[in-house]
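Knowing the structure of chain C, use the given hints to seat chain P on it.
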Amino acid sequence: MRVIRTLVKRELASYFSSPIAYVFLVIFLLMTGFFTFTAGNFFERGEASLASFFGWHPWLYLVLVPAVGMRLWAEERRSGTLELLLTMPVATWQAIIAKFLASWIFLAVALALTFPAVLTVNVLGDPDNGVIVAGYLGSFFLAGAYLAITCMTSAMTRNQVVAFIVSVVLCLFLILAGFNPVTDLLTRWASPAVVDTVAAFSVVTHYDGFQRGVIDLRDLVFFLSIIGFALFATGVVIRSHRAG
Amino acid sequence: MIQIENLVKSFGAKRAVDGVSFAVERGEVLGFLGPNGAGKSTTMRMITGFMPPTSGRVKVGGYDVMESPLEAKRLIGYLPENAAAYPDMSVRGFLNFAAELRGLEGSARKKAVNHVIELCFLDSVLHQSIETLSKGYKHRTCLAQALIHDPDVLIMDEPTDGLDPNQKHEVRNLIRELGHNKAIVFSTHILEEVDAACTRAIIIDRGRIVVNGTPEQLRGMSELCGAVTLAARGATEERLSTLGRVEKLNGGFRIYPRDKAKAAQLAQEVVELVNHYGWKVEGMYSERGELDEVFRRITLPDTARR
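From first to last, the protein sequence lines stand for chains C and P. Per the numbering used here, the very first residue in the first sequence carries number 1; after that it's consecutive. Per the numbering used here, the very first residue in the second sequence carries number 1001; after that it's consecutive.
One chain only, chain P, in its complex shape:
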């Protein structure tokens, strides 16, 4: 549904987006990660046709966003950064306005508006003006606007920003559900969202894609992946270090595999060691890897250099 080829955007001498290419198909939820100023919002603005790219092309549903902007925009629902909406309008008025611009009229419009009101839990604020809403409601109003025409492509710039934990949970579930028959791209810096909602994640740094893979693959890049954490009475660092590098934790040990490819065996080996010496195990688990750590390792050196 979305094809991006070699997208470049320069602001003066600075290249905010520098040769980004990727594709998103129907049924995919793509998480767009990166430090602040990495080029996430700029990329999204180019996908939605708000900003023309310096070079490269964006196709949405087969339409080039620059050559046939209206056709492409009809397919897209967009939640801009900080969820802008007309402050003087009521929630229902704003949704009616968005529906009308999307070409929905009469009973179809009524149905669409009522549907997104239900989807985004806006019942209680329908007649309030948007400027009086709390940040969470404002955000959901703007999200409702993006969903009103049941778009094939959904682009969301930090959809969970400023929401409370319950609302975050709801929005993530919503994204995952919608992802079954849409192509979704959303940006975030909350890494747990990648696990909660994405089928694929891209990490972008200083305008370039540095990682593009499933959440599993990303986690696999973690140093922690495959390590075994053990809390057992009697265990000593010396004995464990026969299996691999050992790190002493508060009340336990973490053993890193010598060879990542054989990481699966490590847990078995630890169990054998425990049985052999008769340690009393209080807790033991295999680490899946932490996205946080991967993210930091990939993007931190660059952030520091800036």
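Chain C with its partners taken away, still in its complex shape:
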């Protein structure tokens, strides 16, 4: 635990000692604001909910989360500090967990800074705050799933741009599998069972439950297994690099 705490502290500090953190926070908040109030027709909906806020998150995260995670391993490999880190008395899994946790905490901070949206909707109306809490929880796990995938791609390359693009593609696939236009297309020629199976792999399918205020154990298990699988794959990738 001590090792993980030390590594998390360093990762977080490195976000905030560089412009990445501030640029990210500003862009994230501006974009959530824009999508919620302008593109999401927050005021015209005539309902006290944050549906227009959360609805955009799978798309917003598609670009922003890989941007946060792409440096995690790629930079260590490029600058040679990976050798330093892994010859310290640190187990590889500890380093993987610590890096993931640090970035996840950072995304949680960004998400927490959207609190004015919650205040706004509470001032204007009388929303179901339970649904909002569930929405935040879903959004947090969604970010975690994207982030774990980015960890994996970041470990595969020493080039951050490659890590970014591959992560975006993988995450896009996870969205599209359950995206209505795509599932509609599928239903034309595939059996409902196939469509459901494909859709079951989509983050959108599992994210929607949270937006309705339902915290389903199966949805949590889905996100946690994506995170677990991707982090495990990260370990495999790193081990294979070291083996040469």
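Wrong hints could be hidden among the right ones.
Keeping only pairs whose Cα atoms sit at most 30 Å apart, straight-line, the calculated DSSO-like set for lysine-lysine is [as the list claims (entries may be wrong)]:
(1) P:1059 with P:1014
(2) C:9 with P:1168
(3) C:9 with P:1280
(4) P:1135 with P:1111
(5) P:1110 with P:1135
(6) P:1111 with P:1168
(7) C:9 with P:1014
(8) P:1248 with P:1280
Just so you know, the hints here were simulated from the structure itself, not pulled from any lab data.
Chain P only, in chain C's frame:
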């Protein structure tokens, strides 16, 4: 402290390290020499547990590096090639981070950090971020990191690379001093460092150990060892050649002994010859042998063949 048995590392079809075995005890400073690409860094990476060997084993302080990596790594301080460090951290921040990872906390950490700051002369750059440091300071910061937990085993990949002559001198002295109660392995291609700091040297070429001995033994392998260089007015090649093979130098002669075992007598014989003919001696000395020459002779044919 370090036992290496039959270490092999292949990258595809190429064997970067090919059956290397040696041991380093506490109190030894082992210089690791070899041309570029000979397998020095790869061997060090396997000792520190960064790379798993293809076959063979490494034991540090009795712990197998592959089987109990954390225990072995706790004993090791490692200065990687080109001294990588997190560029966004300050020197003090980086050293605190390294100390914490090594399990040092509170006042013990403070003491350890202050100690290596003093040892590596980092006082003046403590609050600078590492990316703004000159190469020498960056190098010393990484060296400080390797020393922070006062390790029993110290592995350094080219510790004097990129330092100015004064800093090189300081680092060599430091290595020699630390060597009294640690097992140290460091790689270099600067041969004078072997004399300055090592108790033993290994020359590795194309993944194999070609020489393993003390600096004295290495020098003994030099063709030059035991030769006498003489600068004297009146001396002629013809007269000197009665003692052995003579080479004409700029302003003098070098006489090579016929039999290396009797090299010690040669100087005496030259003096007798000088007295006999009454030459005016301007300078005379016995050669100890040059490591450069040994190194080149051992590794050059292979480099050329590549």
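Consistency of the hints with the structure:
For the hint linking residue 1059 of chain P to residue 1014 of chain P, the alpha-carbon distance of about 25 Å falls within 30 Å, and the restraint holds. Note on residue 9 of chain C and residue 1168 of chain P: the hinted pairing is violated, with a Cα-Cα distance of about 34 Å set against a maximum of 30 Å. Taking the CA atoms of residue 9 of chain C and residue 1280 of chain P, the gap is near 75 Å; set against the 30 Å cutoff, the hint is violated. At most 30 Å may separate the alpha-carbon atoms for a hinted pair to count; residue 1135 of chain P and residue 1111 of chain P meet this at roughly 26 Å.
Of the pairs offered as hints, the one joining residue 1110 of chain P and residue 1135 of chain P holds, with about 25 Å between alpha carbons and a cut-off of 30 Å not exceeded. About 26 Å separates the Cα atoms of residue 1111 of chain P and residue 1168 of chain P, which keeps this hinted pair within 30 Å; it holds. As the CA atoms of residue 9 of chain C and residue 1014 of chain P are separated by approximately 41 Å, the hinted pair breaks the 30 Å bound. For the given pair, residue 1248 of chain P sits about 17 Å from residue 1280 of chain P by alpha-carbon distance, which is consistent with the 30 Å threshold.
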